[in-house]
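**Q** Quick note, the sequences are listed as chains A and B, same order.
Going by my numbering, the first sequence opens with residue 1, and the numbers climb by one from there.
Going by my numbering, the second sequence opens with residue 1, and the numbers climb by one from there.
Read the hints as simulated data drawn from the structure, not as lab findings.
Per the computed footprint, the stretches of chain B lying under chain A, defined by three or more beta-carbons under 8 Å from a beta-carbon of chain A, are: (1) 9–18; (2) 84–90.
Computed list of lysine to aspartate or glutamate pairs in EDC-like fashion (alpha-carbon distance at most 16 Å, straight line): (3) 54/A - 6/B; (4) 24/A - 91/B; (5) 54/B - 66/B.
These figures come from a predicted structure and were not determined experimentally.
For every residue, glycine included, the Cβ atom is placed at its ideal position computed from N, Cα and C.
Number of protein chains: 2
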Amino acid sequence: MEYGSETLANLIRQFARMPGIGLKTAQRLALYLLRSKSEDVDRLGALVLELKAKVRFCQTCGSITEEVKCAICTDSTRNQKLICVVEQPQDVLVLEKTGQYRGLYHVLHGVLSPIDGVGPEDINLSRLEERVRNNEVEEVIIATNPSVEGDTTALYIAKALESGGCTVTRLARGLPVGGSLEFADEVTLARAIERRERL
Amino acid sequence: MEYGSETLANLIRQFARMPGIGLKTAQRLALYLLRSKSEDVDRLGALVLELKAKVRFCQTCGSITEEVKCAICTDSTRNQKLICVVEQPQDVLVLEKTGQYRGLYHVLHGVLSPIDGVGPEDINLSRLEERVRNNEVEEVIIATNPSVEGDTTALYIAKALESGGCTVTRLARGLPVGGSLEFADEVTLARAIERRERL
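Please construct the entire structure, taking both the sequences and the accompanying hints into account.
**A** Right, here's the structure in full:
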């Protein structure tokens, strides 16, 4: 009865389980809902309940969809010979926002991480090899994060696809546009020197 | 179809309406739920739907409860002649944690704020005057926040209860325990000098 209501206390606990939400924030969110209009709160509750029932992952690429195949996989105007490999569904959104990419995607839903016990079977990898093999894919762009795990995964994928005859590339690393030399870390800067581009 | 699913997009929008939750955080929370176990997500949805139906405010003091009267108002071992006035329901929780207070509470659900158009009729004030009048209350401790609005509200309440014959007090202002002079603001420090206590 800490909060005067078991329902409220449970809701606060449930909110606090979400990433980046501490007990104070969870309390603030729950009390905000308590002050909100019933219809808004009911809408939120209904959407949460709908989520797992309606939203699924594309059978082909692993992106978010409400159908069997996602809107990108079924878009015949996109280049079917080009696949961009990302770690998470939200990475697809970020890449789509650039408007620069017109190929397909493949979402791994994770990265290789021996420390956390994540091996090749734990991520959406075998489906990628299958797609490359069956669709005469010409290029696989690996867009995992520029981290140790992301790099390890990229190397692993490149090795696995070696025999498939397609080109495997990785997003360029260098200075972020709009950044300044002063605040660049040494690894990034060293790499930017090494991979300098001809003007 | 920005997120590949209308349900997901709506949930993200609904999360982003909550205080302190931006679009990126809302996206992170929704995608976390998508990866979570169905039973956990369903539990959250059910709790949100239950919230407005089950939780209400105590008829007497305005605290959170699932009954007509809250656990504190119905506790006869508490001092019925002492009322502590706070701005929000969560302030009751904070004061209860001190274990120092054994009287009753009164939750205003707001503060007087002419700038935001909040007047005496918009907060739970008339019920307080009624309680003081009908229950021979001896002391009203005003624990609104030490802010301009909190102070204004405190003065207004003191004035309104003037004729009732009860003592009206305000929480002490001074240096926070564990703080250091170096980081105290001038207003707090000036006040701490002015109200210095004899050892």
